[in-house]
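Number of protein chains: 2
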Amino acid sequence: MIVAVKNAIGGGVTTPQGFRAAGVSAGIKSRGLDLALLVSGPPATAAAVFTVNRAQAAPVLVSREHLQRSGGTARAIVVNSGCANACTGDEGVRVARDMASETARLVGCPIEQVLVASTGVIGVALPIARVMTGLPIAFAALGTDQGPMAARAIMTTDPFPKEAAAHVTIGARAVADIGGMAKGSGMIEPMMATMLGFVTTDASVPQPLLDRALREAVNDTFNAITVDGDCSTNDCVMLLANGQSGTVVDETLYGEFVGGLRAVCLELALGIVRGGEGATKLVTVTVTGAASKADARRAAKAIANSLLVKTAIHGGDPNWGRLIAVAGRAGVEFELGRAAVSIGSTVLFKNGRPHDECAAQAAAYMKGKDIAVGVNLGAGSASSTVWTCDLSAEYIRINADYRT
Amino acid sequence: MIVAVKNAIGGGVTTPQGFRAAGVSAGIKSRGLDLALLVSGPPATAAAVFTVNRAQAAPVLVSREHLQRSGGTARAIVVNSGCANACTGDEGVRVARDMASETARLVGCPIEQVLVASTGVIGVALPIARVMTGLPIAFAALGTDQGPMAARAIMTTDPFPKEAAAHVTIGARAVADIGGMAKGSGMIEPMMATMLGFVTTDASVPQPLLDRALREAVNDTFNAITVDGDCSTNDCVMLLANGQSGTVVDETLYGEFVGGLRAVCLELALGIVRGGEGATKLVTVTVTGAASKADARRAAKAIANSLLVKTAIHGGDPNWGRLIAVAGRAGVEFELGRAAVSIGSTVLFKNGRPHDECAAQAAAYMKGKDIAVGVNLGAGSASSTVWTCDLSAEYIRINADYRT
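As given, the protein sequences belong to chains Z and A, one line each in that order. Heads up, the first sequence is in our numbering, so the first residue is -5 and it goes up one at a time. Heads up, the second sequence is in our numbering, so the first residue is -5 and it goes up one at a time.
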C-alpha cells in the first residue's frame, strides 16, 4: 500500500456499533449476490454526496429527496447491483420509491429514512419484482458480521470487494469507529462524488458537521481517483452516524474524526483504482510546481486520464515525453524550461533537458505494481495527488463485451 | 466515405502546379522512408497553424520564427519522421535550424523560407548527421510525381498514407488545384492545429486571406477529430500557395477556395481517424439540441473521447446509456427529459424513455465500418460534428510497446 489507513483496523460497515448488514442474491444479476441492506439500530444522522452528472439516476433523485425530507436522518440504505436504474424515466423513479417503501416497512421507519442506490447497466428497467422478493430475505439475513456479504453484493465488474475501517482516537483511546464499503470498476472519474461508497460511524455527529466532514474527506480521496475519466449517473457516497459509541463529535474532535474518515475513504478509493477494469498497476500521479491548487489537480487528472500515459505504464515504458506532452496540453500554467519529470525516485527530465541515462533504472522500477510518477510544472508551488490505474487490453475486452 | 471530397480528384501535394516532392530513407527510423521534402518553384505565400501544447517542439519554434521573419513566404518544407525533436532543449532548436539551413542551401533560398516539422518519439535527440546525409539525396529525388513518396516518409505508426486533392472551380472551370498530405495515428486531439498536415495550392492568395482560409478550414476538419484525446507537442498544418495556376484568390473567389481547402483538409483528417492506432471503425459523433455551438463541440468531443463509448462501438454494442452518461457529465446544458440518442437512423432513447425494442436493429448497423451516433442534448438548437475511431486492444498493444 502506498498510503496506509491511519489507525487501521480490519472491518467494514458493520464494525461501528449498532449497524447490521446483509448481502443476498435476488436474481437481478444472472448470478451472485446483488442486493445489499444496511440498517442502523437507532436513526442515524446522514450525509451524502452525489454525482454531478446531469443525467442523474432514479435512486440518486430519490435518495436526495429523502435526505432533504428527513432533515438528514436515515435508518437504512438499500442497494442493488446488476441494474443502474438510470435513464429509466418516471417508471424508474417509481420503482426506486417502491424499493425504499418495502425497506421502510421491514425496518419499521418512515420511507424518507431509507436511502437507495443502484449500480449496473444504464437504461434497463429494474426488475422490481425480484427486488421485492429479495428484500425480506435480506432483512432476515441482517447481522453485525454480514458487512463482507454486503460489500460483495454491491459489486458489478469489481474483481474484489472494498472494505475499510478505522478508529477515531484521542491519545491512545479509541472513542469511535468508522467503517465503509465501496464498489466501482469502470465509468470512474468521480466529480464531487464517486461510485457507490457507504460509510458508517458510531460517533454522534451533528448533521452540518457530518456533511462538512464527508465533503472534506471525499475531496482528497474519492474525488482524486480516476479509472477511465467517465463520471457515472449513479455515483454517491453516503455516511451514517448513529452515536452508539457515546462519543459526540464537536469542533474539538472534528479534526480527529475527519482524519479517520479520510483514511477510510482513501482506502476504499484506492481499492476502486486497484480493482479498476483491467488494471494491473496502481499509479500515483503527483503534480508539483503548479501556479494554483486547481492547476495542479487539473494537470494531475489530465495525466491520470491520458491513454498514452496509461498504456506506457502498462507496458513498463518510462516514456516521460508523454507526461510532458500531457502537462503541456492540460490548459495550465507550464514552463518547459523549468519543468521536471520523475518516475519513482528517478528524474528523467529536468530544466528542459532529458536524462535518458537513467531510463534503465526507471524501467526496472516500473516492473512493480505500485508506480509513482511526478511532474513539476515549473510554474509555482501548488501540488496535488491523484490515483489511477494502467490501461490494458483487458479493459477493452470487458467494455466491448459488457452487455453481451 | 461519409463525406466525399467536393470536386475530388486523385492526388496530393504535387498535384497543384509548380510543386515537387520527395520521400527518402535517411536512417532516422530503423527502417522505411523517414525524410520528406516539399519544394515550390517560385516562393509561395505560406500560412500555418501550430499546436497549442505548451511544450512546443523545436521544429514548431523554428517554423513559427521563420514564418514571421519571412513575412509568410516559403520555398520549402522539410519533414522527418522517427523523432519528434521535442523536449530536446537548446540543442533541439540548433539541429532544427541545421535542417532548415541545409535545405535552404540545396534549394537556394534564405533560411527563413524553409519550414521544418518532425514527428516521432518525444525527448530523443534528432540524429542530425543522418538528416544531413539524407537531405541531398531527397533534393536529388524531387519530382512532380513524388507526392506519394513524401506522404509515406512522414508516417510513424500510420497504417496507410493520407493524401487528398481538389479543384477550385468557377462554374465548371477548374481555376486552381489544392493538394495535401497528412500523418497522425496516436496522440491525436488537435487543438487549434493538428498532427502534421501539408497542403499546397497553385492559386495565388494574399497572406492574410490564406491565413484566414487555413484557420477556417482547419476548425471544422483537423480540429474536429480525436483518436485518443492527447494533443501532441509537434502538431502543425502548413499551407503553401505558389500562384502557378495564374488564378488570384480575392474576396469574391474566397468562398470557393475555402470550400476546396476544407474538402482536402477533411479528407486528410478523416484519413487520420480511419488510420488511428488500432482503429477498426470510423465514428461520426453529431451533437444537436445544444444551448450553444461551444456546448455542442464540447459534448461531441467528450463523447468521442469516452473510453466506454469507444469500446462499446468496438464491441458493436448499442449501449446508448453510455452516450447519455457522457453527455450528462460533459459540463454542458443538458435536459434528460428532452434528450435523445440515435445510432445510425435508429432512435434508442427519446423524451426520457428507452426504446430498447430497436436495439437489435442498431446492433446490426454497428457491424459496419462507418458508425454514426447522434445525441440531442434537449437544451437548444446548436450542433457540432466530430470524428473519432473505436478503441481496440490493438491500441493498447501499440502504445504499451511503442519504444521497445
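Derived by calculation from the structure, the hints in this document are not laboratory data. Mixed in with the good hints there might be a few duds.
Pairs count within a copy or across copies, as identical chains cannot be separated in the list.
[What the hints assert, rightly or not] The calculated lysine to any residue pairs, modelled on SDA-like cross-linking and capped at a C-alpha distance of 25 Å, are:
| hint | residue 1 | residue 2 |
| --- | --- | --- |
| 1 | K344 | P121 |
| 2 | K361 | E388 |
| 3 | K344 | V87 |
| 4 | K363 | L203 |
| 5 | K23 | D311 |
| 6 | K363 | A387 |
| 7 | K363 | I392 |
| 8 | K363 | R25 |
| 9 | K363 | D350 |
| 10 | K23 | A354 |
| 11 | K344 | T280 |
| 12 | K361 | Q62 |
| 13 | K23 | A353 |
Which of the numbered hints above does this structure break?
4, 8 and 12
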